[in-house]
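Colleague: Residue strings, one per chain:
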Amino acid sequence: MTDTALPPAHAPVPNPAPPTPAGRVIGAFLPPVVLGCALLALYAWTRAGLPEHRQFLMPSGQGLWEMAFSKPEIWAELGQRALVTISIAAAGMACSIPIGILLGVFMFRMRLLERAIFPYLVALQSIPILAIIPLIQSALGFGFLPKMLIVAMFTFFSIPTTLLLGLKSLDRGVIDLFRLSNASWWVTLWKAGFPSAAPALFAGLRISAGLAVIGAIVSELFFLAGPGGLGQMLINSKIDFKYEEMYAALIVSSLLSISVYLFFQFLGNRLFADWHGRV
Amino acid sequence: MTQTRPAEPGHRGVYRLSPDRAPDPRPVALRFEDLSMTYPDGTEALTGIDLSIAAGEFVSIIGPSGCGKSTLARIASGLLPQTGGTVRIDRDHLAFTFQEATLLPWRRVLGNVELMMELRGVPAAERKRKALEQLDLVGLKGFEDRFPRALSGGMKMRASLARSFALDPTVFLFDEPFGALDEINRERLIEELSALHRAKGFTGFFITHSIPEAVYLSSRVVVMGARPGRIEAEYAIDLPQPRNAELRFDPAFTEGCAEISHCLRGLMQPDERTS
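Here the protein sequences come in this chain order: A and B.
Residue numbering for the first sequence follows the numbering used here, starting at 1 and increasing by one per position.
Residue numbering for the second sequence follows the numbering used here, starting at 1 and increasing by one per position.
Don't take every hint at face value.
Just so you have them, the derived chain B footprint on chain A, three or more residues with Cβ under 8 Å [unchecked claim]:
id : segment
1  : 171 to 178
2  : 269 to 276
Here are the simulated lysine to any residue pairs, SDA-like style, with alpha carbons at most 20 Å apart [unchecked claim]:
id : chain 1 : residue 1 : chain 2 : residue 2
3  : B       : Lys130    : A       : Ser181
4  : A       : Lys191    : B       : Val122
5  : A       : Lys191    : B       : Asp145
6  : B       : Lys128    : B       : Gly142
7  : A       : Lys191    : B       : Pro123
8  : A       : Lys191    : B       : Arg108
9  : A       : Lys168    : A       : Glu114
10 : A       : Lys191    : B       : Leu110
11 : B       : Lys128    : A       : Ser181
12 : A       : Lys168    : B       : Pro105
13 : A       : Lys191    : B       : Glu118
14 : A       : Lys191    : B       : Arg146
15 : A       : Lys191    : B       : Gly142
Just so you know, these hints were derived from the structure itself, not from any lab.
Backbone N, C-alpha and C fix where the C-beta goes; we use that ideal spot for every residue, glycine too.
Generate coordinates for the entire structure from the input sequences, incorporating the hints supplied.
Modeller: In structure tokens form, the structure reads like this:
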């Protein structure tokens, strides 16, 4: 009772120091760089473990440089073929985006259509597209059109589904506002539905974009005639036993895929970062 | 506690109105006649609603949750068709403010305030002029280029009110517009709305579950009971105008609130009363 001594004061908790600009850069880039180095080391280690006659499967950095990236003609070929691949991907998406958007709007307009169409959309998604490529070939030949169609099939699914999801999540109160002004269904769709659904649609477009390049490359694996893209180069380099060139084509394919994804991300951020936040 | 007193000239305070009083001679802005609403699942939301609101009057509807007061506002606005009875209202000059601010997140504040005018075909220049005027009126001057997500809850509701005021409504419906706000913001907005009502003279139809809010704003408070929703009592709020924050501490105000509170408690189901 007589002990009037105050309990010892807690040591003041120091404020955490704000991160320096350099610290922020390191924080952002160090983790992926470290992981990337670890993966490269794993690659080198696996390669070293291979018997010599199978090491062609995993070309060394030096081999890649000497046999592929140091040669201007390889660069020219890669550029040309990338252009072919990207035009197949773009043409396919130019098909699937408008049709997908139309379908999404139709399904939103009529519940009956949604009930009718949605199961088939899911079914389409579950068809192994690779398995029907021979059929497409037989029906449409070896030109540009069948490849475009394959890309369209790869990229189609996520467009009407994400748009429908976005349209359906339009705030009821916003619909009420438009109804109070006797706005038509089209005005409501244009001024409220589309802007509100756009972020969801763009999430779908980013998924589609990644699949578009994959679809374009896959479509070419089956079409070796004519001026081809990167997919054809992958097969040709296997036949010619030029694995360094195959790796070069693989790297460029990935870069292409990533850049299409980044393009849609950039576009999405340009359009809605200020009200919806960045992705 | 509940006492029926005739309207005496010069009497100040809150008093219960007799159901068979003489009709209000002023022109009617909003009238429900034997209105009823039954949902398709058989729920009886409203029954036998007879209520007449004179032009320029500010009437609050108060009642326990689930008594159909929001339904009543939606029917008045035309968003929900009633299943029985009639509504008389001029919907061409109607504004409706919801519980939520309901701003379009992809439009800046100015674009949001212009929205309803835009949908009604007001020319762009006039739209902008009016929108800026209303923003000034609700204290959002300088915020016209912000996106809604950069605004606080109170500011969002101010923008929502500006959007409604831009329509120059003759009848203004409110469905618990300040329910989600903190006390200080709510009181300030109530004071401002009361002043705006005096200045503009619109007819106010205000749904709320807050007794002081209803008493502060209104010239009449209608108490509703639940299951099915019906009108239980009406109170005249004969308190001086213009009203200001000090009114809340006036004995006439607090006694009036207490009387309405007792009336509401009397309507509660026994299980609700104990909780």
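Colleague: Are there three or more residues in the segment 171 to 178 of chain A whose C-beta lies closer than 8 Å to some C-beta of chain B?
Modeller: Held - the segment 171 to 178 of chain A has 6 residues with a Cβ nearer than 8 Å to chain B, which meets the minimum of three.
Colleague: Are the Cα atoms of Lys191/A and Glu118/B separated by 20 Å or less?
Modeller: Distance of about 11 Å is within 20 Å: holds.
Colleague: Hint check: Lys191/A vs Arg146/B, CA-CA at most 20 Å. Holds or violated?
Modeller: holds, 19 Å
Colleague: Are the Cα atoms of Lys191/A and Arg108/B separated by 20 Å or less?
Modeller: Roughly 14 Å separates the two Cα atoms, so the pair holds.
Colleague: Holds or violated: Lys191/A with Gly142/B, Cα cutoff 20 Å?
Modeller: With Cα atoms ~25 Å apart, Lys191/A and Gly142/B exceed 20 Å; violated.
Colleague: Is it true that the CA of Lys128/B sits at most 20 Å from the CA of Gly142/B?
Modeller: Roughly 14 Å separates the two Cα atoms, so the pair holds.
Colleague: Can the restraint linking Lys191/A and Asp145/B be considered satisfied, given a maximum Cα separation of 20 Å?
Modeller: Given that 20 Å is the threshold and the Cα spacing comes to 19 Å, the pair holds.
Colleague: Holds or violated: the segment 269 to 276 of chain A covered by chain B, criterion of 3 or more residues with Cβ-Cβ distance under 8 Å?
Modeller: holds (count 4)
Colleague: Given the hint that Lys191/A pairs with Val122/B, test it: the Cα-Cα distance must not exceed 20 Å.
Modeller: Holds, because 16 Å separates the two Cα atoms, which is no more than 20 Å.
Colleague: For the pair we were handed, Lys191/A and Leu110/B, check the Cα-Cα distance against 20 Å.
Modeller: holds, 15 Å
Colleague: When you check the alpha-carbon spacing of Lys168/A and Glu114/A, does it fall within 20 Å?
Modeller: holds, 12 Å
Colleague: Verify the proposed pairing of Lys130/B with Ser181/A, using a straight-line Cα cut of 20 Å.
Modeller: Holds - the C-alpha atoms of Ser181/A and Lys130/B are around 17 Å apart, at most 20 Å.
Hint compliance for this structure: hint 15 is the single one not met.
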